[in-house]
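Produce the entire structure from the sequences given, and follow the hints as far as they go.
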Amino acid sequence: MSDRLAVRKTYKLFIGGAFPRSESGRSYVVTDAKGRFVANASHASRKDARDAVTAARKAFGGWSGRTAYNRGQILYRVAEVLEGRAAQFVDELRQTGVTKPQAVAQVDAAIDRWVWYAGWADKLAAVAGSANPVSGPFFNFSTPEPTGVVAVVAPDSPLLGLVSVVAPAIVSGNTAVVVASEPAPLPAVTLAEVLATSDLPGGVVNILTGRRAELAPWLASHMDVNALDLAGVGADAVAALEEAAAGNLKRVVRPGDIDWADEPGTARMTAFLETKTVWHPVGV
Amino acid sequence: MISAAELRAFLHRLPGVDEVGAGERAARLATRSIKTSAKAEAIDLAISMVDLTTLEGADTPGKVRALCAKAARPDPLDAGVPRVAAVCVYPDRVDVAVEALKGTGIGVASVATAFPSGRAPLEAKLVDTRAAVEAGASEIDMVIDRGAFLSGDLLKVYEEIVAVKDACGDAHLKVILETGELVTLDNVRRASWLAMRAGADFIKTSTGKVSPAATLPVTLVMLEAVRDFRAETGRQVGVKPAGGIRTTKDAIKYLVLVNETAGPDWLTPEWFRLGASSLLNDLLMQRRKLTTGVYSGPDYFSQD
Amino acid sequence: MVFEYAPAPESRDVVDIRASYGLFIGGEFTDGHGDPFKSINPADETVLAEIATANAADVDRAVKAARTAFDKVWGPMPGRERAKYLYRIARILQERARELAVLESIDNGKPIRESRDVDVPLAAAHFFYHAGWADKLGHAGFGADPRPIGVAGQVIPWNFPLLMLAWKIAPALACGNTVVLKPAETTPLTALLFADICRQADLPPGVVNIVTGAGDTGRLLVEHEGVGKVAFTGSTEVGRLIARSAAGTGKKLTLELGGKAANIVYDDAPLDQAVEGIVNGIFFNQGHVCCAGSRLLVQETIADELLDRLKARMATLRIGDPLDKNTDVGAINSAEQLERIRALAAVGEQEGAERWSPPCELPERGFWFAPTVFTGVSQSHRVVQEEIFGPVLSALTFRTPDEAVAKANNTPYGLSAGIWTEKGSRMLWTAERLRAGVVWANTFNKFDPASPFGGYKESGFGREGGRHGLEAYLDV
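Chains as they are written, first to last, in our numbering: chain H, 1 to 284; chain V, 1 to 304; chain E, 1 to 476.
Since the hints were derived computationally from the structure, they do not count as laboratory data.
Please read these numbers as outputs of a predicted model, since none were measured by experiment.
For lysine to any residue, the following SDA-like pairs were computed, each having C-alpha atoms within a straight-line distance of at most 20 Å:
{"hint": "1", "chain 1": "H", "residue 1": "34", "chain 2": "H", "residue 2": "90"}
{"hint": "2", "chain 1": "E", "residue 1": "446", "chain 2": "V", "residue 2": "31"}
{"hint": "3", "chain 1": "E", "residue 1": "423", "chain 2": "H", "residue 2": "136"}
{"hint": "4", "chain 1": "E", "residue 1": "423", "chain 2": "V", "residue 2": "12"}
{"hint": "5", "chain 1": "H", "residue 1": "9", "chain 2": "H", "residue 2": "36"}
{"hint": "6", "chain 1": "E", "residue 1": "64", "chain 2": "E", "residue 2": "30"}
{"hint": "7", "chain 1": "V", "residue 1": "102", "chain 2": "V", "residue 2": "69"}
{"hint": "8", "chain 1": "E", "residue 1": "84", "chain 2": "H", "residue 2": "85"}
{"hint": "9", "chain 1": "E", "residue 1": "38", "chain 2": "E", "residue 2": "49"}
{"hint": "10", "chain 1": "V", "residue 1": "39", "chain 2": "E", "residue 2": "11"}
{"hint": "11", "chain 1": "V", "residue 1": "289", "chain 2": "V", "residue 2": "300"}
{"hint": "12", "chain 1": "E", "residue 1": "423", "chain 2": "V", "residue 2": "19"}
{"hint": "13", "chain 1": "E", "residue 1": "325", "chain 2": "V", "residue 2": "26"}
{"hint": "14", "chain 1": "E", "residue 1": "84", "chain 2": "H", "residue 2": "80"}
{"hint": "15", "chain 1": "V", "residue 1": "35", "chain 2": "V", "residue 2": "249"}
{"hint": "16", "chain 1": "E", "residue 1": "423", "chain 2": "H", "residue 2": "280"}
{"hint": "17", "chain 1": "E", "residue 1": "423", "chain 2": "H", "residue 2": "137"}
{"hint": "18", "chain 1": "V", "residue 1": "39", "chain 2": "V", "residue 2": "247"}
{"hint": "19", "chain 1": "E", "residue 1": "325", "chain 2": "V", "residue 2": "250"}
{"hint": "20", "chain 1": "H", "residue 1": "47", "chain 2": "H", "residue 2": "213"}
{"hint": "21", "chain 1": "V", "residue 1": "249", "chain 2": "E", "residue 2": "6"}
{"hint": "22", "chain 1": "E", "residue 1": "325", "chain 2": "E", "residue 2": "315"}
{"hint": "23", "chain 1": "V", "residue 1": "35", "chain 2": "E", "residue 2": "116"}
{"hint": "24", "chain 1": "E", "residue 1": "446", "chain 2": "V", "residue 2": "20"}
{"hint": "25", "chain 1": "E", "residue 1": "446", "chain 2": "V", "residue 2": "26"}
{"hint": "26", "chain 1": "V", "residue 1": "156", "chain 2": "V", "residue 2": "9"}
{"hint": "27", "chain 1": "E", "residue 1": "84", "chain 2": "H", "residue 2": "109"}
{"hint": "28", "chain 1": "H", "residue 1": "12", "chain 2": "H", "residue 2": "211"}
{"hint": "29", "chain 1": "H", "residue 1": "100", "chain 2": "H", "residue 2": "87"}
{"hint": "30", "chain 1": "E", "residue 1": "325", "chain 2": "V", "residue 2": "30"}
{"hint": "31", "chain 1": "V", "residue 1": "35", "chain 2": "V", "residue 2": "247"}
{"hint": "32", "chain 1": "E", "residue 1": "423", "chain 2": "H", "residue 2": "282"}
{"hint": "33", "chain 1": "V", "residue 1": "39", "chain 2": "V", "residue 2": "250"}
{"hint": "34", "chain 1": "E", "residue 1": "457", "chain 2": "E", "residue 2": "245"}
{"hint": "35", "chain 1": "E", "residue 1": "446", "chain 2": "H", "residue 2": "125"}
{"hint": "36", "chain 1": "E", "residue 1": "311", "chain 2": "V", "residue 2": "263"}
{"hint": "37", "chain 1": "V", "residue 1": "39", "chain 2": "E", "residue 2": "6"}
What follows is the structure, given as structure tokens:
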């Protein structure tokens, strides 16, 4: 054991590209699998959630306006930077009680998941769009477009599950407000540090740590949120959140029995897409 | 006199501008690499084209005199630096500038016509203009009525320019289109032709009070307009991008744009100006870099 | 005043050209057993390097190396892992962009502005894009688990050496094939540098093999029985020979061949941008572009005005040192090509066409041809019918949209076309009737890995790029 005392990291929120503490000044204790103290995580308030939505909305125009190729490059850059910090994530995951091989496998899968979604950026429109042979002298085509701000309640798989819900939301140009796993929020904050150094514009992903039960209703009812991913919500809370989401007809993804290690399909991306169809006459 | 219908028909018959194509052309010209002797020439040319500008509510006689001193002798340690083209001030500061610049050959330009918004009765705009001319301004920078332009009352815009031109007497008239409010390049081309037909000696992009101010694509379209106008009428009109031009690199991009669009005939202070304030010191810094071989810093240039 | 741009040459120090190059087979540079040849700099005729020629045995070795890599490594590898190799290659192309651009300009003669801003970034983008497909082939519309073909034999031209390499290798590898690629004999250097990039990426040996040589080597490659897929970009004449040789073999074949594209300008076009588009369409890359807009079809009402503007714009083109950052038009790639351009231009004059070039001084050494426009020509002139593959434009007029379309389609080729009009419905009407694989409206010569490219009729078949381009490299 070295005599040197370690410098510990303060785990904060990630809003608009900055790392603020909760405006409420609150925090909550994060423990390891054996119940030992690991860190105090920020305990975000509804006002933090509100600020995060504002930041996400502000970032939407710029992010969705970038070329798909550029978004793909940035998501791939996230994978590159994440790879470089793999050891740190392995340590944080081991604190949650998984073995080293399990932690390594999860980190590897999380990196590859960013790579998988990075490649989708400039292919989604080719797969989900179409030229439509309407009857008449019209050129008619349909293209997928991002829906806007997506609120995500992340699952308890603290890194792979998190990446598996954040990446598909943003790859198409949406911006996200994410409530991290409540018992294991630290990898989410470390992921925020990766995002902040990967050329991802501030506000595209905003990460809150705290109590799901406190934050989720505010996000579900927020009239400037366009969609809701309930991946990390318990079965008992789904109905109320869906009801709140009906206020402005949010697109809702319900929680399912998902093994985050499986290869994802396209459903989590298409859930947050609108289809726009354009008609144009053809004539001299 | 032209009728409203004729004016409208004429302006709407002009070829359209494809924004993407114009942007690509401007961006490509911006990649020209101007080095060594060409850069030295370009810097001196750019300095001689600067309309050194102060347009603040807080402008005092002292501030204007300081600016005039800078205009006449941009680098006190190097008499080889050319003087700027003109100093640009508000009408009620023209007398100070005229006095301070006496004998230097530097023009005094005054904004007028209820700059920058132009939202005043025509009579007030004319009074504003006459006051500046009587105080000795050799150039008037007027703003067009963007509200009238955007509402389709093109004749009002035209007639105001004609009236202000008349009030200018011998002073040169620069017509500010405020392209940031006209938004489309089609509008920029139409407004350019409207102003030229109404008698503008110069067409100018911006007041500097609206964002975006001068941009390369907007200036490209205006340079195409003056080129085509001369080909059609034989009369040459100048161009002045203003606002947002802060670095030597920016200024050189504009010179390249002039060189390869309107042509070398426009590459003199008589036909091309750069409306700017902080640009001048950057030009001086780059100039000194070329002569000394080392990068300079802002501490070595006067801040006025 | 006259604003002269001082020379702004890009430094050559960034490239290190070896005196001689071998063949890249099985991850190693090895000797070739044919007669070596020299690659020269077309801008000054200096010899750049001596290049090995692959004979039959060498080609056989390369195909076997590719087959082994396909069977043992690349074929069984999960798409997810193949993807990461391709991403690595894309990144290294970006990292070594300057080096590649300078080398390309030296070997090919194209302006550094183009190799720097077009060829190299697009090549990297092509790898980046196809990397993303490697683990998503089941989503591409060719079945749940489409399989690769095996070994692809690929022969590419000299006009975009690195970019054509990327168009060929990236989709082949993404789909799980291994390749043997033959670059053109006048422009092999960036392909040989790419071999080094494969090594930096730790790409398994044999996945990419590069054999150099002239037409014979190419023929040996495409006719090799171990090759399951042949991809060729080049002349229609050679494409026809390859199609004949592939007959009855069951080989999958894609061909990207010549063109004589029409660039149609209606009277309501955005004129200044149309002029830029015409210039870009025919003088980009010295007109060494299969999809070049070599036939200008302008509505008669605006023909004089447009041609005046075009000539004024052509007078501002800067011709000269390809490495000068301000050069717009570089050197013709080879003495042979220059001779062909000169001969066809002479035919144009003999046929009575009016020939015009802006006054410009051409360097004494090297291969140069001034940007040229022929007016007073019709569909019956040879300069209008034949692909010149040089900076030579033929300007024709038309009266009605029907006539424009009829003239545009009046060619055995069908690679690309351009339409200039501010009216959307007329643009779509025209596009619908053009028999061409790529139609650009109010723009020209745009390329993107996400966009399929390829021709109708004698311009070849198969598409490169986009979802459609994957089909060429899948056993479907």
